[in-house]
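S.K.: Protein chains in written order, with the numbering used here: chain Z, 1 to 371; chain B, 1001 to 1260.
Take these hints with a grain of salt, some might be off.
Here are the simulated BS3-like pairs of lysine-lysine, each with C-alpha atoms no more than 27 Å apart in a straight line [said to hold, decoys possible]:
no., chain 1, residue 1, chain 2, residue 2
1, B, 1052, Z, 356
2, Z, 65, B, 1106
3, Z, 152, B, 1106
4, B, 1106, Z, 148
5, B, 1141, Z, 173
6, Z, 65, Z, 265
Computed from the model, here is a short list of chain Z residues facing chain B with C-beta under 8 Å [what the hints assert, rightly or not]:
no., residue
7, 19
8, 123
9, 248
10, 255
Residues on chain Z that point at chain B, a partial pick, calculated with CB under 7 Å [said to hold, decoys possible]:
no., residue
11, 9
12, 252
13, 365
14, 369
Treat the hints as calculated values from the structure; they're not laboratory data.
Note that CB positions come from ideal geometry on N, CA and C, so glycine has one too.
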Amino acid sequence: MSFYSVIEKYRGFRFQDYFENVTEEMFLRSLRHAEEERCSEIDLLNFLSPQGDRHLEEMAVLSQKLTRRYFGRTVSLYRPIYLANYCSNGCVYCGFSSLNRIKRRQLTFEEIEEEAAEIAKSQVRHILMLTGEAPGKSDFTYLKTAAKILKKYFDSVSIEVYPLSLEQYSELKEIGVDGLTVYQETYDEAIYDKLHLYGPKKDYRFRLDTPERGAKAGLRVIGIGALFGLGDPMSDGFFSGMHAAYLLHHYPDTEVALSIPRIKKAPETFPITDIVSDSDFVKLLVSFRLFLPRVALNVSTRESADFRDRIVELGITKMSGGSKTDVGGYSGDDPSDEQFEISDERSVEEVAAMLKTKGLTPVYKDWWQLV
Amino acid sequence: MEKDELVLGGKVFTNRLFTGTGKFARNEDIAPMLEVSGSQIVTVALRRIDFKFPQENILNFIPKNVTLLPNTSGARNCAEAVKIARIAREAGCGRFIKIEIINDSKYLLPDNAETVKATEILAKEGFVVLPYMMPDFVSAKRLEEAGAAAIMPLGSPIGSNRGLLTRPFIEILIENTDLPVVVDAGIGRPSQAAEAMEAGAAACLVNTAISAADDPVRMGRAFSLAVEAGRTAFLAKLAEESKYAVASSPLTGFLRAKEV
Chain Z
1 MSFYSVIEKY
11 RGFRFQDYFE
21 NVTEEMFLRS
31 LRHAEEERCS
41 EIDLLNFLSP
51 QGDRHLEEMA
61 VLSQKLTRRY
71 FGRTVSLYRP
81 IYLANYCSNG
91 CVYCGFSSLN
101 RIKRRQLTFE
111 EIEEEAAEIA
121 KSQVRHILML
131 TGEAPGKSDF
141 TYLKTAAKIL
151 KKYFDSVSIE
161 VYPLSLEQYS
171 ELKEIGVDGL
181 TVYQETYDEA
191 IYDKLHLYGP
201 KKDYRFRLDT
211 PERGAKAGLR
221 VIGIGALFGL
231 GDPMSDGFFS
241 GMHAAYLLHH
251 YPDTEVALSI
261 PRIKKAPETF
271 PITDIVSDSD
281 FVKLLVSFRL
291 FLPRVALNVS
301 TRESADFRDR
311 IVELGITKMS
321 GGSKTDVGGY
331 SGDDPSDEQF
341 EISDERSVEE
351 VAAMLKTKGL
361 TPVYKDWWQL
371 V
Chain B
1001 MEKDELVLGG
1011 KVFTNRLFTG
1021 TGKFARNEDI
1031 APMLEVSGSQ
1041 IVTVALRRID
1051 FKFPQENILN
1061 FIPKNVTLLP
1071 NTSGARNCAE
1081 AVKIARIARE
1091 AGCGRFIKIE
1101 IINDSKYLLP
1111 DNAETVKATE
1121 ILAKEGFVVL
1131 PYMMPDFVSA
1141 KRLEEAGAAA
1151 IMPLGSPIGS
1161 NRGLLTRPFI
1171 EILIENTDLP
1181 VVVDAGIGRP
1191 SQAAEAMEAG
1201 AAACLVNTAI
1211 SAADDPVRMG
1221 RAFSLAVEAG
1231 RTAFLAKLAE
1241 ESKYAVASSP
1251 LTGFLRAKEV
């Protein structure tokens, strides 16, 4: 089995034609299904159609209600640590791409200790470690050693590194890694091929099956999504939702998290045609919640403080705070260039204070290492 | 009136509403909620407890006179639940443990088989074990044998607020086990808690319906009153219900007419 079977099932499906033909009656029927918590893939399509724009407020109200039902009035916090930004891929839209001449770095193990100690001064017990895709530089042994160091400082260690094999994920699980994030960038195979010029990432299918390998290895939390704006946002939204549903169906002991990273600024070589508006973002967010009431929904500091403050009431259950996206940015005096510009520069304390004013409790720790 | 006490692990409780802690908008509401509801047992997920940062440690928001019922939320099998329970005891959270083993993140339904195994191990280690379970008669019997102090069947899926969807099965457990039956999960309204208590449940655990209410403190009070009302009705023995209306001209009246 592979999620690729779902991609194949929809090959040739004319998303735009379908979306345009969704009537109000069809949409309202889907909304009833969401109230009864029994949405199908057709309902997800209907939410993502232009009818969803017309009924955005109703969807948002229901999204908030479902979120409170299953997550209460809480939002979990995590922080990222960038270990290295070397990369052997040629992704035309990415700041870390090997196409770009940027300042590159890889933290030594001593530096990882220093960064971890600095990050651990805040109360957040969840860390996400990130690298570019340069197995020659940041090889598997490096990743394992880094994870072991982070485990000393945090209760939950997740990874957002290049796709690994099932055996490698199992090894990481053994040493205490409990989460995996990997974005498909775009589910549109043809566009994917055009955007990824060379490097291991060129292999669409290997990347697509990565979350499944992580789930098979028994990693507890799997984060997925697309980089919205590379392909058609609504069909990428549909496949992201379907991918989450697929993982939940086949690996019910896995917690699935969806994110909606959107591309805002890309190198001049890559003109963006489908900028995802705030209202499209919200439509994606609430559609995911209606389709999968118990899925975790995550937002990073890629989004602005003002926007994050608003969407946190609509269904977000996880967010980063006090983030640096440069390598060595927390403790060093010689950080690398950033992968993307941070839009929300607030500290953990400021993000927590904001949540409290919204009637939401920040959750700093939601896991206890069992390894 | 006789005293109506619930005894668990040698401790006596006079209030039959158990409450949760994990979903409040403000942790500061937990203590007043406990006070006005009179709830004497409160469950807390061990995964949320951080001993390194005492200022935000959820335990600080729970008054000391309330019995802590740490739960094994996040455990996906017996081994993980046992490990979490031991950590809880070592950390000074007491002898009580609610076993929660869930390996289905879609509906959050418990795994009875693994729960029975964990109950057996932990009961032998001296824990007061309250296992969260699907209301299944055979599993209840096994939990009883394994040394559970009570059983906690779900009324409906966690957080769903759909009430006692499993009522017939919970009634079977109440009739056929000697353990207190605590209805856990799915109770969305005070009237549903009252219904569970009328049916003979020993207690109800209510989390989301209280913590996600606009006024959780007042809602805690409402649930406490409902639990007490339902319990009192159970003790007073409800008047027999007749399933069929008795027609004023009975259909079988002709039989008696013949006899005359």
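S.K.: Give a verdict on every hint.
M.R.: Going down the list of hints, with the structure as the test:
1. B/1052 <-> Z/356: At roughly 21 Å apart (the allowed maximum being 27 Å), residue 356 of chain Z and residue 1052 of chain B satisfy the hint.
2. Z/65 <-> B/1106: OK: residue 65 of chain Z and residue 1106 of chain B at ~17 Å, within 27 Å.
3. Z/152 <-> B/1106: violated, 31 Å
4. B/1106 <-> Z/148: violated, 31 Å
5. B/1141 <-> Z/173: violated, 36 Å
6. Z/65 <-> Z/265: Given pair residue 65 of chain Z, residue 265 of chain Z is violated - Cα atoms ~34 Å apart, limit 27 Å.
7. 19: Check failed: Cβ of residue 19 of chain Z comes no nearer than 27 Å to chain B, outside 8 Å.
8. 123: holds, 5 Å
9. 248: holds, 5 Å
10. 255: holds, 5 Å
11. 9: Cβ of residue 9 of chain Z sits 21 Å from chain B, so the hint is violated.
12. 252: Holds: closest Cβ of chain B sits about 4 Å from residue 252 of chain Z, inside 7 Å.
13. 365: holds, 4 Å
14. 369: violated, 10 Å
Going down the numbered hints, you'll see the structure goes against 3, 4, 5, 6, 7, 11 and 14, while the others check out.
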